[in-house]
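Chemist: Here is how the chains run, residue by residue.
2 protein chains.
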Amino acid sequence: MEIDPFGGAVTEKEEKLFKKFGISRFKPLVKKLKNPLPTMKRGFIFGHRNFDKIIKRMRKNKPFAVMSGIKPTNYLHLGSKMVIDELAYLQKHGGEVYYSIADVEAYLDNGLPFEKSKKIAEDNITDLLALGIDLKKAKIYRQSTEPLVQKFGYIFSDNVTKNMMNAIYGDKELKLYLSALLQVADILLPQIEKGKLPTVVPVGIDQDPHIRLTRDIARKHNFLLPSSIYHRHLSALTGDKKMSKRNPKGLIYLREDPEKAAKKIKSAVTGGKKDTKKQRKLGGDPTVCKIYELYSAGFIKNDKKLEEIHEKCKSGKLLCGEDKEHCAEIIKDFLRKHQEKRKKYRDKAREIIEEIS
Amino acid sequence: MEIDPFGGAVTEKEEKLFKKFGISRFKPLVKKLKNPLPTMKRGFIFGHRNFDKIIKRMRKNKPFAVMSGIKPTNYLHLGSKMVIDELAYLQKHGGEVYYSIADVEAYLDNGLPFEKSKKIAEDNITDLLALGIDLKKAKIYRQSTEPLVQKFGYIFSDNVTKNMMNAIYGDKELKLYLSALLQVADILLPQIEKGKLPTVVPVGIDQDPHIRLTRDIARKHNFLLPSSIYHRHLSALTGDKKMSKRNPKGLIYLREDPEKAAKKIKSAVTGGKKDTKKQRKLGGDPTVCKIYELYSAGFIKNDKKLEEIHEKCKSGKLLCGEDKEHCAEIIKDFLRKHQEKRKKYRDKAREIIEEIS
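Chains L and F are the protein sequences, given in the same order. In this text, residue positions in the first sequence follow the numbering used here: the first is 26, and each later residue adds one. In this text, residue positions in the second sequence follow the numbering used here: the first is 26, and each later residue adds one.
No wet-lab data here; the hints were simulated from the structure. One should not assume that every hint holds.
No distinction is drawn between identical chains; accordingly, a pair holds when it is met within one copy or between any pair of copies.
Computed list of lysine-lysine pairs in BS3-like fashion (alpha-carbon distance at most 25 Å, straight line) [what the hints assert, rightly or not]:
hint: 1; residue 1: Lys187; residue 2: Lys197
hint: 2; residue 1: Lys245; residue 2: Lys369
hint: 3; residue 1: Lys197; residue 2: Lys342
hint: 4; residue 1: Lys81; residue 2: Lys117
hint: 5; residue 1: Lys143; residue 2: Lys291
hint: 6; residue 1: Lys342; residue 2: Lys291
hint: 7; residue 1: Lys329; residue 2: Lys339
hint: 8; residue 1: Lys329; residue 2: Lys369
hint: 9; residue 1: Lys59; residue 2: Lys187
Source: prediction; values computed, not measured.
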């Protein structure tokens, strides 16, 4: 059985991108993974570069690094959770997590002062810990206080021309190019610190330009080329392509009041018909339903159960109102438990952010 | 009496530059300085921006900073000594020296690996100490290991556009622009560390673009605008404009064998005539003589003595051979004494470079 929220997973347009930039389909790798995440089985993670290499390291119990990070411009939400789940999975299977709090980028791209981003970062770290990132195998750092990232950001400008940057990012200002170089240094930090350590970077496909730049620079500086896996972003509940703070009704923060979150769920876009009668007769369309997407992204882990909902929706047995109630309970339950964990990790997060300040 | 190796000191072309960029003549300030250096009295230091402000600090015994540095690409020579003498003078009169070993720039501009530049830097520091820089009032650091310089290099890209950089430096590659931003961070480091501390930067006029960029960025980031003083470079003994490693016959390293140095002195370009007879009759021209320039730059400190030589040369009493012998003795004596001091400071220099590595 193949459960996939977006039907064919890789669209024609994406297929072209894949060919152009040498990205491979993720699907054939799923069977090689121990207890793959719902996002892996269900097509949210849909592409990769050299992830087979990382799988080999996992199987042989050899060290590898998982690199990720975020600009600390806002609180984390359900979409962010998906990425952190990937990190936790890869960490559990042998990876050492490197997590960059990209506060210099937040300053350069968003004008966010360091004192503000520090507070947000503390909150972000609380979520990281509550979502299961194990500090014993993780290095969490701020770009603004990590000398090696800063140093290598400069060093990597060595092999980069303005033409290259224009080709990759368009004709942008210096500060954007510097942000990009800092990201390259972030991604190569595991190797800068520990020599040639295979590294995987979980990213959205929109981040692939950074991966391409990094691989180019890695080649020139005699590092291993980083592997990458590509995920789709969780859609906004309102139907927009991506959960974003610009559309607060479309996203649910991990620290959000569970009752408020439930209300958002109840206003979500679904694949329902105009009225009950029609829906009973014609059934709903789970492929466009944001509720179903949440289930599929991991809020229902059991494949059988997910398939049942899929069938009941399509056959008209399950109506949107009922389904939303169901989903709201799941999300409320998740948020309550997560927020309990957050309380537990709050002091630790403060300790970490002070340590790296 | 006015002793000035270049006649009018400020040329017409320079006058235009001064007006265009708001640089003032140094000369009127000389009388306000306690025991000014020969280079100050004799027109080697010929321009400034807001140096009057620093003089006020000196007079009131208030703190100020003196910022300088060098790309550690080569050993220091007599030309470098002139700048270090300025630092030592300003330090003696109340300034705290900040000295940047610009190894990231050396990497980006010259491709010099850090391990090589570290060795050269150690040698440069030995000279700094032997020339009288007092470690109790000096911070010597490497760009590659000074996190605040690196961090602020990125931060300062904030207010810088590619157009600005093109206007100042021409259409160059990213790495050159990054080098420039690192220099800005170097110059503002005293204020980054200690708040609004008046700072003076002794530079060659060719470095003024960096000063202009720094002042622009300082304004936008609410720092005090740095003051600057502008010196002429010591000419090469062969007559080229500037002592440079590209022309080894034209320069004398501070660690050079004194006898070899004497030979270079004896091959120096002078203002002598074709033969002894002509010179006895018509006299020499000290204004183009590299020997006289060395005297004037400080190897003869006594103004009366310098004037005597000037007169004897012009009248034909002093011939070039004799004068070169005289100069060679002075330089040999200086080098011998300096190299004795170098021996004394070698261990300290090694200690410093290891501390900042």
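Chemist: Evaluate each hint against the coordinates.
Modeler: Against the structure, the hints come out as follows:
In this homomeric assembly, Lys187 and Lys197 come within 25 Å of each other (Cα to Cα) both inside a single copy, at 10 Å, and across copies, at 9 Å. Proximity of Lys245 to Lys369 under the C-alpha cut-off of 25 Å is found in neither arrangement, the shortest distances being 45 Å within a copy and 43 Å between copies. Taking identical chains as interchangeable, the C-alpha atoms of Lys197 and Lys342 are never at most 25 Å apart, the minima being 53 Å within one chain and 67 Å between chains. In this assembly of identical chains, the alpha carbons of Lys81 and Lys117 lie at most 25 Å apart only when taken from the same copy (15 Å versus 64 Å across copies).
For the identical chains of this complex, Lys143 and Lys291 are neighbours neither inside a copy (34 Å) nor across copies (64 Å), given an alpha-carbon limit of 25 Å. Taking CA atoms no more than 25 Å apart as the test, Lys342 paired with Lys291 passes inside one copy only; the shortest distance there is 19 Å, against 105 Å between copies. Only within a single protomer do Lys329 and Lys339 lie at most 25 Å apart by alpha-carbon distance; the minimum there is 15 Å, versus 105 Å between protomers. Taking CA atoms no more than 25 Å apart as the test, Lys329 paired with Lys369 passes in neither setting, with 34 Å inside one copy and 81 Å between copies.
For the identical chains of this complex, Lys59 and Lys187 are neighbours neither inside a copy (43 Å) nor across copies (49 Å), given an alpha-carbon limit of 25 Å.
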